[in-house]
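K.L.:
Sequence:
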Amino acid sequence: MSDEQRADDYWKANLRILAGCLAVWFIVSFGFGILLVDPLNQIQIGGYKLGFWFAQQGSIYTFLIIIFYYAWRMNRLDREHDFHEE
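At position 51 of the sequence shown (counting the first as 1) the number is 51 in the working numbering, and the numbers step up by one without a gap.
Just so you know, the hints here were simulated from the structure itself, not pulled from any lab data. Mixed in with the good hints, there may be bad ones.
As the list claims (entries may be wrong) - Derived CB-CB ranges, DEER-like:
| hint | residue 1 | residue 2 | range |
| --- | --- | --- | --- |
| 1 | Tyr69 | Gln5 | 38 to 44 Å |
| 2 | Phe26 | Gly47 | 37 to 43 Å |
| 3 | Asp38 | Leu64 | 44 to 50 Å |
| 4 | Lys49 | Ala23 | 36 to 42 Å |
| 5 | Ile45 | Arg76 | 31 to 37 Å |
| 6 | Asn75 | Pro39 | 23 to 29 Å |
| 7 | Tyr69 | Asp9 | 29 to 35 Å |
| 8 | Tyr69 | Phe30 | 39 to 45 Å |
| 9 | Asp9 | Leu35 | 31 to 37 Å |
| 10 | Asp78 | Phe30 | 49 to 55 Å |
| 11 | Ile43 | Arg6 | 29 to 35 Å |
| 12 | Asp8 | Leu64 | 45 to 51 Å |
| 13 | Arg76 | Asp38 | 38 to 44 Å |
Don't be surprised by glycine CBs; every beta carbon is placed ideally from N, CA and C.
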């Protein structure tokens, strides 16, 4: 496999991971925090309405989880495509 083909495969895999992470973040922040806030507010956790929680805290926690997932997954992808720095 040529270096150019390997780089293209790496970039395509990177874009798939990035698109998945952005989709999850969009669904949680915009979908749960804005569009689905009324149905989610029917559920309460710890005295707080779930829609309010997603709008205030859930999207931030999800974003932090996505950051750690992306770093872990990219390290794995770097090793798979032999682009790691170790």
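K.L.:
Against this structure, judge whether each hint is valid.
P.N.:
Against the structure, the hints:
1. For the pair Tyr69 and Gln5, the supplied restraint of 38 to 44 Å is violated, since their beta-carbon distance comes to about 27 Å.
2. For the pair Phe26 and Gly47, the supplied restraint of 37 to 43 Å is violated, since their beta-carbon distance comes to about 28 Å.
3. Under the hint 44 to 50 Å, the C-beta atoms of Asp38 and Leu64, about 26 Å apart, miss the expected range.
4. Distance hint check for Lys49 and Ala23: the Cβ-Cβ separation is about 25 Å, which falls outside the suggested range of 36 to 42 Å.
5. Separation of Ile45 from Arg76 is about 33 Å and conforms to the stated range, judged on CB atoms against 31 to 37 Å.
6. For the pair Asn75 and Pro39, the beta carbons lie near 38 Å from each other, so the given range of 23 to 29 Å is not met.
7. The hinted range of 29 to 35 Å is not satisfied by Tyr69 and Asp9, whose Cβ atoms lie roughly 21 Å apart.
8. At about 19 Å, the CB distance of Tyr69 to Phe30 disagrees with the hint of 39 to 45 Å.
9. Taken as a hint, the range 31 to 37 Å holds for the pair Asp9 and Leu35, whose Cβ atoms sit roughly 36 Å apart.
10. For Asp78 and Phe30, the hinted distance range of 49 to 55 Å is not satisfied, since their beta carbons lie about 31 Å from each other.
11. Range check, Ile43 to Arg6: Cβ separation about 47 Å, and the 29 to 35 Å hint is violated.
12. Between Asp8 and Leu64 the C-beta distance comes to about 31 Å, which lies outside the given range of 45 to 51 Å.
13. Our hint of 38 to 44 Å for Arg76 and Asp38 holds, since their Cβ atoms are close to 39 Å apart.
Comparing the model with each earlier hint shows violations of hints 1, 2, 3, 4, 6, 7, 8, 10, 11 and 12; every other hint is respected.
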